[in-house]
Amino acid sequence: MSPTPATVVAVGAGQATVSAVRMLRRRGFGGRLVVLGEERHAPYQRPPLSKEYLRGDADLDDVTILDESWCGTNDVELLLGTRAERISADGAGHRVHLAGGAELVADSVLVATGVRSRRLPGVEGDRMVHLRDLDDADRLRTLLPGAERIAVIGAGLIGSEVAASARDLGVEVTCLEAADLPLLRQLGPEMAQVYADLHRENGVDLRFGRQVESVDQTASGVVVRTASGEVVEADLLVVAVGAVPNDEFARASGLPIDPMAGGVLVDAECRTAVAGVFAAGDIASRFDTATGRHVRVEHSDNASRQGAVVARALLGLPQPAEDPAWFWSDQYELGLQFVGHAGPDSTVVVRGSVDDRDFTAFYLREGRVHAAFAMDRGGDVTAARELISRGTPVAEAALADEDTDLLDLLDTVDA
Amino acid sequence: MTPESATVEWVAVAPLAELQRRKKKQVEVAGRAIALFLVGDRVFAFDDTCVHKGRSLSRGSLWKGKVVCPGHQWTFDPETGRADDQDDCQPVHDVLVVDGVVHVDPRPRQIS
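Going line by line, the protein sequences match chains A and B.
When the count follows our numbering, it moves up by one through the first sequence with no breaks and lands on 415 for the last residue.
When the count follows our numbering, it moves up by one through the second sequence with no breaks and lands on 1112 for the last residue.
Fair warning: there could be bad hints in the mix.
Output of the computed footprint for chain A on chain B, the stretches with three or more beta carbons under 8 angstroms from beta carbons of chain A [stated by the list, open to error]:
no.: 1; stretch: 1056-1063
no.: 2; stretch: 1070-1076
A partial selection of chain A residues facing chain B, derived with a Cβ cut-off under 8 angstroms [said to hold, decoys possible]:
no.: 3; residue: Thr347
no.: 4; residue: Gly378
no.: 5; residue: Gly379
no.: 6; residue: Ala383
Here are the computed distance ranges between Cβ atoms for each label pair [to be verified]:
no.: 7; chain 1: A; residue 1: Asp62; chain 2: B; residue 2: Thr1080; range: 47 to 55 angstroms
no.: 8; chain 1: A; residue 1: Asp67; chain 2: B; residue 2: Asp1084; range: 41 to 49 angstroms
no.: 9; chain 1: B; residue 1: Gln1086; chain 2: A; residue 2: Asp136; range: 22 to 30 angstroms
no.: 10; chain 1: B; residue 1: Gly1100; chain 2: A; residue 2: His341; range: 39 to 47 angstroms
no.: 11; chain 1: A; residue 1: Asn74; chain 2: B; residue 2: Asp1084; range: 12 to 20 angstroms
no.: 12; chain 1: B; residue 1: Gln1086; chain 2: A; residue 2: Gly91; range: 34 to 42 angstroms
no.: 13; chain 1: B; residue 1: Gly1065; chain 2: A; residue 2: Gly203; range: 42 to 50 angstroms
no.: 14; chain 1: A; residue 1: Asp62; chain 2: B; residue 2: Gly1100; range: 40 to 48 angstroms
no.: 15; chain 1: A; residue 1: Thr4; chain 2: B; residue 2: Asp1085; range: 19 to 27 angstroms
These aren't lab readings, by the way, just hints derived from the structure by calculation.
All figures in this text were calculated on a predicted structure; none of them were measured in a lab.
C-beta atoms are modelled at their ideal positions from N, C-alpha and C, and glycine is treated no differently.
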């Protein structure tokens, strides 16, 4: 076991870094802690940027997760507006090179540089927004209330959350999606249809199988043309077509990159191939011991957990058993949550009422739950998570029966 | 009893038996929604509205002795209301069970 490092430098100031830094201090790490953030804002949460922050229901204070007073109290050096360029070896440790020539010496480095919005070529203009950072959200939040109609390209989580927030503000929305249904891979066909229906019921003009051919800004707004010749006019365009890893720092530092998923290859404890250098969050392609494959995930909860994994690894603490993947989205006053992986060929068993938007859909294969999608049923998620991680055999009828307590379906009831 | 608790105006909210099956129940005291939880043989009371995003805790679950919010799966210590790995604290109310009836202090406890 290597000794606890004296200096840890985190490159990137998002969720993974904040989680690592908070846990390090909470568990008594007494060394030097430096956080390098390229943006000028103190670390903030991204999930609200397409939801309550965008709608104006939350402000900067609500989304900030590591403020200067906390950093002062906990002796964390927060260097904002600071770009790190690469790491080089420095004896047994590392030298972190900053833009402008300054250097920091570190025993351990956490690479948590995240991802950025994927751009559509040629789509640039003051009425076009790629939503990723707080500055993007501020721009959209200023423009949105003045818009009568917006166009959204992409009906993934961010695109559909923006659509929902816009509808909440009374703005008309046309959403163009390339696939046949939204979130098809994550939700499977049956629930992706329910998800599409939810948006349509709330007034989103949702169009599938649309390839965007061109985007032009005019004097009064934006014109989007699809490959089939359809024309969509709007006051504002939001592009939400996925993200690409911010891997420049990792590449310049010689860290091995996942050729398939992109991002920095790390083991189960988030260690890169270079001793003392970790990667976590959206940038990390992490070895999954259950499947023997590397997986890169772009969700906030994943970043939090990986940050905690890094903190425990640095402190030599044991790692707890891994919970199944989980993400949430709040849309139209509904809390949506997904746990596990749907995968193909699942049987979907519904508990509750799809029509009332109050249900949990369980995804089963061979009589075992491997994923669940809860619509305003977050109370079922605990049991779903346990059913998934234990692989408990369950009867479909029992899952669907509201009078059965889900926790009673577990092998050992230790609630 | 301390002098403070002697001045508590306990409000009867529900028979204990109503908590036995689901282990949780939402009640209203003086216009305030309160969530009751039965953990082992003890009853705990929280403000029902989660400090995080305002979801109803009584629609959540109990897991390993913790209250789990249905909104974003924050977990709370039933005794103190403290959220795991967060700076926030859910308001808690003192509870007294007399003759099988759950009583709640309408005023949240001051945590020092």
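(request) Return the numbers of the hints above that this structure violates; sort them in rising order. (result) Hints 3, 7, 8 contradicted; others consistent.
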